[in-house]
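S.K.: Chain residues, written in single-letter form:
Protein chains: 4
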Amino acid sequence: MNFTSDTSAPAHPAVLEALSRVNDGPAPSYGADEASARAKAALVEIFETELEVWLCGSGTASNALSLSLLCPPTSAILCHAESHISCDERGAVEFFTGGGKLSLLPGEHARIDAAALEAAIGAIKRDFVHETPADVLSLTNLTESGAAYSLDQLSAHIDRAKAAGLSVHLDGARFANALVTLGCTPAQASWRLGVDVLTFGATKNGGLGCEAIILFGDMRARLPELHARAKRAGHMPAKMRFLAAQLEAYLQDGLWLELARAANAAAARLADGLARIPGASLAHPVDGNEVFAFLPQETAEAMLAAGASFYPWLDGSYRFVCAWNTQEADVEALLDAARERA
Amino acid sequence: MNFTSDTSAPAHPAVLEALSRVNDGPAPSYGADEASARAKAALVEIFETELEVWLCGSGTASNALSLSLLCPPTSAILCHAESHISCDERGAVEFFTGGGKLSLLPGEHARIDAAALEAAIGAIKRDFVHETPADVLSLTNLTESGAAYSLDQLSAHIDRAKAAGLSVHLDGARFANALVTLGCTPAQASWRLGVDVLTFGATKNGGLGCEAIILFGDMRARLPELHARAKRAGHMPAKMRFLAAQLEAYLQDGLWLELARAANAAAARLADGLARIPGASLAHPVDGNEVFAFLPQETAEAMLAAGASFYPWLDGSYRFVCAWNTQEADVEALLDAARERA
Amino acid sequence: MNFTSDTSAPAHPAVLEALSRVNDGPAPSYGADEASARAKAALVEIFETELEVWLCGSGTASNALSLSLLCPPTSAILCHAESHISCDERGAVEFFTGGGKLSLLPGEHARIDAAALEAAIGAIKRDFVHETPADVLSLTNLTESGAAYSLDQLSAHIDRAKAAGLSVHLDGARFANALVTLGCTPAQASWRLGVDVLTFGATKNGGLGCEAIILFGDMRARLPELHARAKRAGHMPAKMRFLAAQLEAYLQDGLWLELARAANAAAARLADGLARIPGASLAHPVDGNEVFAFLPQETAEAMLAAGASFYPWLDGSYRFVCAWNTQEADVEALLDAARERA
Amino acid sequence: MNFTSDTSAPAHPAVLEALSRVNDGPAPSYGADEASARAKAALVEIFETELEVWLCGSGTASNALSLSLLCPPTSAILCHAESHISCDERGAVEFFTGGGKLSLLPGEHARIDAAALEAAIGAIKRDFVHETPADVLSLTNLTESGAAYSLDQLSAHIDRAKAAGLSVHLDGARFANALVTLGCTPAQASWRLGVDVLTFGATKNGGLGCEAIILFGDMRARLPELHARAKRAGHMPAKMRFLAAQLEAYLQDGLWLELARAANAAAARLADGLARIPGASLAHPVDGNEVFAFLPQETAEAMLAAGASFYPWLDGSYRFVCAWNTQEADVEALLDAARERA
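Chains as they are written, first to last, in our numbering: chain A, 424 to 765; chain B, 424 to 765; chain C, 424 to 765; chain D, 424 to 765.
With the rest of the complex left out, here is chain A:
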């Protein structure tokens, strides 16, 4: 009954096995191997567009590298106050951009509030040298609260940013989980809306450690700069084939969506059960694989006593994260423990 994080989950066997398939004889280093080419081809097919891609073992680095392409050291990035890049990456964006700023916006369920975005963009004075103007909007879907932006919400935010000359980054550490909920294509949830750079996560959803930085449209021309930045940040794995193989297996035959669907289903079941506990309530919409719930203290204690693990959250709720391998039995056992005490 481990609900601490999807990063605590193992890799999917198919992803792990893919490593063996590429472990045969010599292969060019640093991304020039055939598995990397196949992984890119799979992304092109899935996203239905030309794109450039760089693989990275870390979500933090993927976000920070992406943003370092978009944000000069003298500029700022609009993002949610609870976003991963603001709260959970120990200043990675400031480091990789060479001192760029995060400009924090509020909004329920870790979705940026439209009025706050409007106000922030409206306040940009590009010619006023003392202030740091925003050049980038960074969105996260699934949000840090486990909610999804709808396509309409994304579209409105992105259109507003683009109209003001900002570029757009999407942190898709849990892109698959959002996509399953939105019921749309990868293209519809990314570049067709205007996303310039996507951090496409696989680690939390069955990978060992693999995120793809995807450059769309005009950003494709920035691949050499991304290479240079990745290299000097130590994010150019010598034996890249072992990242590429993960991504290839992850994308094959829709495995990635299947795993996200499983995790989301487990979360939905869990959310449904928790919401019925007397005195409990959900803190956020459950649009993916994360459940945030306010619980009577004795309920939480009963769960812990039954051997479950999960984290208390800043707002007083508890966070339960389901993964691709979360078992129905585990969810039921957790709910049983909660119900007993209720």
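FYI, nobody ran anything at the bench for these hints, they're computed from the structure.
Among these hints, one or two may not hold up.
Pairs count within a copy or across copies, as identical chains cannot be separated in the list.
Stated by the list, open to error - Derived pair list, reagent style EDC-like, types lysine to aspartate or glutamate, alpha-carbon separation capped at 20 Å:
1) K585 / D575
2) K548 / D738
3) K585 / E751
4) K548 / E648
5) K548 / E457
6) K585 / E440
7) K585 / D695
8) K548 / D511
9) K585 / E457
Here the structure of chain A is known, so what remains is to put chains B, C and D in place on it, guided by the hints.
M.R.: What follows is chains B, C and D alone, placed relative to chain A:
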């Protein structure tokens, strides 16, 4: 007949299989897992001392993180002009230190010349604010030219640096290959000499992607800072167990030394054969798994025509890198091609 | 009728004339001159304690250099959301610290709210590597809204910070103006409260361009690092005597306090007059030389039509800044213009 | 008999007096004042071309800001191994560029050797991500050894750089001294050769503290970025009029060239006298205001005993710097002391 690089070699099966052994159920993220604890314990045993360790998928990052602990942004690092940190890491050290400088020293076979080191250390004016004083000596063993420093050479360099208040980093991307040649213990080639931080490589010698940053002695107290720096650089893999498992398998039953011995033996055989080619000569001592040789152009062309791959080097020589899996047959085939033409 | 900023004011004649007095023959460069020694001695006398000092032509640089001593690149600085370091320095702190973060706190009149400070300090999890812990509290007195913290307020904030292990920086760009209002000694408003580093401004109050970074107590030992950081930031003027002479003249015979008193008196007169305009109200306490007032639009327009200059502020108020040379006649003329229309 | 440095010299009275002329009433801050406009107009006239300019109190900052416009954090700057940016700026360029590298070239008299430049440029592999390619050539005229590049030498270096796609920075801390020797126009020694950004020094030649960063040609469009970078580095003086007034006076009626001529003449006289001392020899051509001479030890001691001050240099020579105010009598007194002992 691939002699391009040891990074082009596959992972050793035992290392790869270890990933499956840890891929079982949930495990704490970010290095708090049991495999990480076991990997550390193995290092403690092998190095015969208390130490702290952080695992990293990248040699470049391991070096840069190590040096960012030792070198403030206003200081410099003494290193060889041909060192990996100077020539092959795209400014990673400058990036991670926040603008620290590399102060380049000459020396044959990419070993720092003792007189040049003496001159550089003697010229440090710590109170002269305009110049950038060196605070660190970074050595590489095996050197970039495939030579090994002897223990005496290391000792003299390190003693000189320590006497001047510098700390010492050792880039051990090919530490195993050097150790086999030196015929000493890991302790004798590192902390007993005064090395403060060691980049201990596994990637080139059978790993998928795993380097260990090892903190000795007083540097152990800097582990929290290393954690923070690793985190913000995106070098804190969520599923750390997959790095730890590599290291564990790599160290088990002396596999790491066995693999280095095999690579070194292949290189020795190759060097011996090349040296006998009329008109050919070795550019550097072959103390590990790398052979640099000056060859008649037609010899090189004959090798390429026979299907061999290897790189021309800046000094006009050719570099041949053997790996843990280099086959005697491949070496012989390469030499046959060379001999035919000679 | 120029009320745009105290940076638009000229230098005080005594300060300007001091430049001529040091412009005689050769003098050691980079702060080793006699005027620098005299300026330091004057500060020691005025602050009644041993201290170290570095002079800088820029308030932004003084703040950023100060904070770069206190905040490692992996840490954060607690400051007010409207502070100069956050809003008006184009990311200087992020740049000088190598990627440190500003953690923004609310509070009326640009004073940090005590409860918000308590919450922020209480939330620091020093061992949780993903978040960026605050290591510094940066206060501003006079605040950006022209209000002063009382000694009690300062003391409470500083004590809370110190208890949690944070160091304390005070941005005193308008320290003189605050001091006059507080009616205390420089020591009482700085190091006796626990301030570690003070940015002591002279530029806005009669200087040409001179700020002093003052290190108190244990921070004095960090002077060599400050020198190195100042040098590499281009804040080590070759002919330092011309900064030192400014500070010397500024401090002589209490000139600095006299000038601040004059500016404050002008602001008080202006505030008093504006507050009596029907429909007008003061936005913030007028504790120094700045007046923020909400005004009927026609009042503002009448002032502008009469030839006055001043800036509209973000909150809808107008900012009027008095300087050491603001004339009573100008204040009265401004008020006359306002009254006519009222 | 102070020959330590031209930074130890006072300001020229005309430059100092100019401060008083602008110290009259309010003036817009941050470079929007009339004196700044006049200073720019004077530069336009003198350089016979449209240009953009930013004033800065520091030569180190001027160089580093200039280079931060030209060199991305992933690139390198070709410069002489003894250049000021390499040896005397404590890593400012690395800091301002966010981790860019200096690639050091040899050459007599601190002039970059043509063959070394050719080799360095020829070795650039723009697509090889591991190495740091040079994007900039930084020249210094007068060089750090007091020699001047001829126009032909400059032209050849710049043409070679431009042909390889590099941009060109000229450190003109002693541009006036070089110009007097070259006997050409400012335009001929800068933009007409292809210089993109010029650091135009006044501090050493009669200023209090004023350097101009001059953007030529296409670089003019980068002024907003220069503004932003200057602001965040604390190099946007609030009361810019006091820098502008210096430059205006410095340029008026050819004062700057007159002062340089005087300093050069003093150096020529000194060099001529020293060269005649038995056992003495000049280390470098004396093309400006600096004399480097190898001297018998007793000669140097006799000079010191006579009250002269000057510095021993790294190569065993002694450096004597003349300034705009160096008196013939001082030169003769120094030579007398030397001759007595010889």
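S.K.: For each hint, tell me whether it holds in the structure or not.
M.R.: Here's how the hints hold up against the structure:
1. K585 / D575: within (15 Å within a copy, 48 Å between copies)
2. K548 / D738: between (34 Å within a copy, 16 Å between copies)
3. K585 / E751: Classified as neither; 43 Å inside a copy, 50 Å across copies.
4. K548 / E648: Answer is between: at 14 Å across copies they meet the 20 Å cutoff, but 28 Å inside does not.
5. K548 / E457: This pair counts as neither: shortest intra-copy Cα distance 47 Å, inter-copy 24 Å.
6. K585 / E440: Answer is neither: 42 Å inside a copy and 48 Å across each miss the 20 Å cutoff.
7. K585 / D695: Neither. Shortest intra-copy (38 Å) and inter-copy (46 Å) distances fail the 20 Å Cα cut-off.
8. K548 / D511: between (29 Å within a copy, 12 Å between copies)
9. K585 / E457: neither (36 Å within a copy, 38 Å between copies)
The structure shown violates the earlier hints numbered 3, 5, 6, 7 and 9.
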